[in-house]
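Undergrad: Here are the chains, one letter per residue:
Protein chains: 2
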Amino acid sequence: MLSQYESYLFDLDGTVYNGEKPIDSAISFITKLNQQGIPYGFITNNSTKTPEQVADKLRKFGLYVETNQIVTSALATALYVKKKIKKARVFIVGEEGLETAFSTFVKDETQPDAVIVGLDRHITYEKMSQAARLVKEGALFIATNPDRMLPSSNGLVCGNGAIVAAISYAAQKEPVTIGKPNKEIITMALEQLQFRKDKTILVGDNYETDIRTGIDAGMSTLHVKTGVTLDCSTYENQPTFSISSLDRWQLEEV
Amino acid sequence: MLSQYESYLFDLDGTVYNGEKPIDSAISFITKLNQQGIPYGFITNNSTKTPEQVADKLRKFGLYVETNQIVTSALATALYVKKKIKKARVFIVGEEGLETAFSTFVKDETQPDAVIVGLDRHITYEKMSQAARLVKEGALFIATNPDRMLPSSNGLVCGNGAIVAAISYAAQKEPVTIGKPNKEIITMALEQLQFRKDKTILVGDNYETDIRTGIDAGMSTLHVKTGVTLDCSTYENQPTFSISSLDRWQLEEV
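These protein sequence lines map, in sequence, to chains A and B.
At position 46 of the first sequence the residue is numbered 46 (this note's numbering), and the sequence of numbers has no breaks.
At position 114 of the second sequence the residue is numbered 114 (this note's numbering), and the sequence of numbers has no breaks.
Be a bit skeptical, because a hint or two may be false.
No copy is singled out in the list; a pair is fine if it fits within one copy or between any two copies.
Said to hold, decoys possible - Here are the computed lysine-lysine pairs in the DSSO-like style, where the Cα-Cα straight-line distance is at most 27 angstroms:
#1 Lys57 x Lys86
#2 Lys225 x Lys87
#3 Lys84 x Lys127
#4 Lys127 x Lys199
#5 Lys127 x Lys49
#6 Lys199 x Lys87
Think of the hints as simulated: they come from the structure by calculation, not from any bench.
Please work from the sequences and hints to get the whole structure.
TA: Below is the structure:
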């Protein structure tokens with residue numbers, strides 16, 4: 001296949017690596033993009049890590065990555081809040097990735113404009129209650145992502161969506177969610193990376209998150225069978241392309 | 001009004017007391033029941049306290065109360081699980097009230113028959129994750145109550161329903177819920193107290209929890225305007241009686 005795309009937006013887990021193991025076809029392909037000067041970026045629902053930490057992981061796989069090529073759900077959320085509310089005062093539930101993304105925002109524990117919820121593996125009942133109370137009192141309720149469960153060395157553990165569900169149930173308010181399968185993360189990523197939506201293709205392994213989000217965002221999608229979804233054919237809306245691995249995707253000669 | 005009821009089942013907060021303040025009309029009325037030898041019991045969604053602790057609070061208001069007249073949602077849950085599963089092995093998320101109610105059950109942290117969730121103000125991410133994992137793997141998922149938020153000295157805090165919502169979202173399973181507005185708590189209370197449903201009247205202040213639950217359970221209901229709901233007239237299903245306070249309710253001469 002010949003590619004008419006000017007830029008590439010990659011999902012990470014299942015697309016570029018599986019857990020701690022790089023996916024060779026993706027590494028070779030992204031290296032080729034770099035060599036040919038074709039822009040690329042990465043999006044991840046993970047809100048606990050900073051873009052720097054994510055970039056470091058990719059560099060260990062031998063990829064050339066600048067920190068600003070990484071858009072985490074935490075960063076996308078900060079970009080979103082910046083656009084929606086001028087000088088927003090925020091209350092943060094989350095870890096280092098979210099704290100860093102919001103480091104320039106004013107923190108407010110009693111009357112914030114927005115309560116921002118990302119995965120917090122040290123969450124306490126008091127913090128959860130405070131978030132629920134502030135949301136109930138009218139603060140904008142924003143979730144970095146709706147992940148249900150995540151793999152860990154102890155087996156599956158709760159994703160951010162579980163914490164968000166607790167706050168949402170208590171406060172009887174629904175959040176605005178930025179991460180996949182919500183298209184806000186893509187909108188923010190394209191803006192941050194200065195990619196044109198009609199000239200960019202989203203590459204992902206998971207139909208329910210990556211491909212669905214790309215389709216919703218109105219962009220071209222490339223499904224790779226190196227991760228979660230091995231067969232997209234039963235879905236009503238098909239990805240633009242579906243291939244076994246990025247070995248099967250050819251770039252035009254430059 | 002003359003009463004044809006043989007026994008009385010009372011809600012607590014808003015019906016017998018408001019927070020730490022006894023409701024005089026209720027105290028006098030229950031004292032009269034005791035003097036006339038008319039059986040009465042109490043139900044509460046609170047799963048953190050033991051029946052003994054709840055009875056102590058009522059005794060401080062001058063009421064005569066035996067511990068076995070108190071049916072907490074924790075106790076009702078234990079009775080429910082005992083009926084549903086023989087020798088159930090359980091994983092407990094909760095505080096002293098729930099631990100005590102399940103003290104005779106075998107605990108199992110890896111392959112329980114049921115995961116029992118009551119309010120746990122010391123909940124950790126690890127415990128929440130473990131509960132979600134066990135529920136996802138097939139353990140019966142049982143919630144003591146679906147309370148959203150509760151008053152506290154720090155303002156509103158999360159109720160058990162918030163913790164249940166987190167686990168439910170992560171595991172993609174709905175719980176069986178015992179406490180109000182679910183009628184299981186009434187079914188278990190009537191059984192424990194050996195009250196006949198058709199000869200018992202449920203007394204409560206909150207239409208959405210107490211009265212609705214009594215109606216669902218198919219029993220007579222007496223609404224008192226000493227707590228949350230001051231006017232029931234807009235509801236489709238009316239309580240059997242609605243009075244300003246228990247001063248307005250007369251017992252037959254014995």
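Undergrad: Now look at each hint and say whether the structure bears it out.
TA: Hints versus structure:
no. : hint            : verdict
1   : Lys57 x Lys86   : neither (34 angstroms within a copy, 50 angstroms between copies)
2   : Lys225 x Lys87  : neither (43 angstroms within a copy, 46 angstroms between copies)
3   : Lys84 x Lys127  : within (25 angstroms within a copy, 36 angstroms between copies)
4   : Lys127 x Lys199 : neither (43 angstroms within a copy, 46 angstroms between copies)
5   : Lys127 x Lys49  : both (20 angstroms within a copy, 23 angstroms between copies)
6   : Lys199 x Lys87  : neither (33 angstroms within a copy, 63 angstroms between copies)
Violated hints, in rising order: 1, 2, 4, 6; the structure is consistent with all others.
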